[in-house]
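Chains E and B, in that order, give the protein sequences. According to our numbering, the first sequence holds residues 1 to 320 in order. According to our numbering, the second sequence holds residues 1 to 320 in order.
Honestly, I wouldn't trust all of these hints.
Which copy is meant is left open, so a pair is good if it fits within one copy or across any two.
Only pairs whose alpha carbons sit at most 25 Å apart, straight line, appear in this in silico DMTMM-like list of lysine to aspartate or glutamate [to be verified]:
# : residue 1 : residue 2
1 : 22        : 52
2 : 261       : 235
3 : 264       : 135
4 : 308       : 41
5 : 44        : 227
Honestly, the hints are just simulated from the structure, not real lab data.
There are 2 protein chains.
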Amino acid sequence: MEYREIIDIFEGHDKFLILTHKSPDGDTLGTGFGLCWYLRDMGKMANVINSDGFPDRYSFMYEGYEPQDFEPEYIVSVDIADPNLMGSRLAEYQQQGAVDLCIDHHFSNKQFAKLSHVEGNASAAALILYKIIKEWGRPMSSLTAKCLYTGIATDTGCFKYENTSPDAHIAAAELMAYDIDYANVNRKMFDVRSRSRIEIEQTVTGSMKYYCGGRCAMIVLTTELIERTGADPAEFDGLASIPLSVEGVIIGITVKQRHEKVFKISVRTTEEADASAFCAGFGGGGHKRAAGCEIQGSLEEVTELLLKAAEESLGAIRDE
Amino acid sequence: MEYREIIDIFEGHDKFLILTHKSPDGDTLGTGFGLCWYLRDMGKMANVINSDGFPDRYSFMYEGYEPQDFEPEYIVSVDIADPNLMGSRLAEYQQQGAVDLCIDHHFSNKQFAKLSHVEGNASAAALILYKIIKEWGRPMSSLTAKCLYTGIATDTGCFKYENTSPDAHIAAAELMAYDIDYANVNRKMFDVRSRSRIEIEQTVTGSMKYYCGGRCAMIVLTTELIERTGADPAEFDGLASIPLSVEGVIIGITVKQRHEKVFKISVRTTEEADASAFCAGFGGGGHKRAAGCEIQGSLEEVTELLLKAAEESLGAIRDE
């Protein structure tokens, strides 16, 4: 779709419901609230909803937000590739065509909405919305700018990852003009961790094992370990980058127990190995640097299979 | 100085010696090698020197670098605010006027060179050099671009800190056009840690203590602890951000033993407290979010003084 068509749709309606994906992140909320505030600022009605509520750590984007009371006239989903990602409390919007417009940046988008605008190469959904707003040209508040910056920054790992495009940097430069206290946003998004998260990282890092002369590192998250910490299992997300953060490691493997004999495997590699090919050997897939698969068996069997594959991939002898 | 004057100087000479600061970081080396490669590419002779050598982790900037054999005709220092920061092996260049041109971004620059170009507001020395090169207009290699990107990215914490200016983002966007594999650069600069560094962070984080209802956190690095790890004391640098990375912490304090009864204190705060005022109370100083001081006394006396100051600053009762 042309940005102009999207702008005309927004101009032509007055009461918007904005859907964000479950386990919300900075991009879905940044795009959702960015759009909500922008529409409200021009006198329209708009609400944002999420199946899991809005986590405290993102409160700077929804400070002062109160749901408005109205019957939605137009339904927009942001950063949602698949209706299943809406979550149970948004079940009514999951059927084909229940959403009027989908704005997303995942190539895998399921085209579930009446209209879909998908830019698979965009660093973040918030970057797409920023470009739309830029063409739109109505005044943007500092709060809207902060939401869009947050979406772009979080999905690119603060401009660190491969998906950071030149226009993500350009957008950041332009959004900074809106006095958005980006350093504080970035501190909250990238530096601050809960005490329980710190303890989890301590435990996981402390139990990390090295193989293949230090070129493979593995962490294992058993159900028992997760339960023992007493922490919310969600706090165990995003640990898969830890093994590859060790100097010399080429293949970083994270093994997470799903059921007694079912393990979810996340593989991260440097440019010297292919995570996607590694996981394809177990019926999984993904990208060259980050991929995943599921393996059934006892923990011993699963780790043995993984280390064999790592050895083959590295063309090396494992040393434990 | 106008960029044009600096360009004319470079155009008018042929044999350059480029000085970088001791304990080199990504900015001094990125600026130094960026300039070296750019000058060599136009047929001039140039060498980079550092009092401590070039650390392995920056090898992607000096791959294939061999010192050239020549008598320097023009001496340039990059990212050096004070001659003392040159280090002992560069002692001969520390006297006033020994350096021909100083390119730097520290307000505190001591103006020790014959000519000084200081932009105190610039995010990085590499950003200044990038702007000079842009005005210069001669072709820039991918390697030069990668050096400049590295300087800008490292000094801004990957575009995370307050010193990230819009033009730092713009420069990054433009440098990306040179096929610089920025994701790999960023992984090496921001994610990869040595095993001994990981162990140090584990030890330090594990021994962190909380006070004032969790609003103050403190880590203590005694000589005994540093020696016990068997690690290079340099690996204990840059730990001061750890206490403030804990959710709810407003004042993060790092106490590092210098001598038996002398402690170096680093204080980091959120926007709710003033690190500079905190440290001024002990004769130190710095910025609002990051400051330092030195306190003499036993460890018990020093921590007691610090906690009193934290209590006052937070207007709270300490709870141990």
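Provide an ascending list of the numbers of those earlier hints which the structure does not satisfy. Hint check: 3, 4, 5 fail, others pass.
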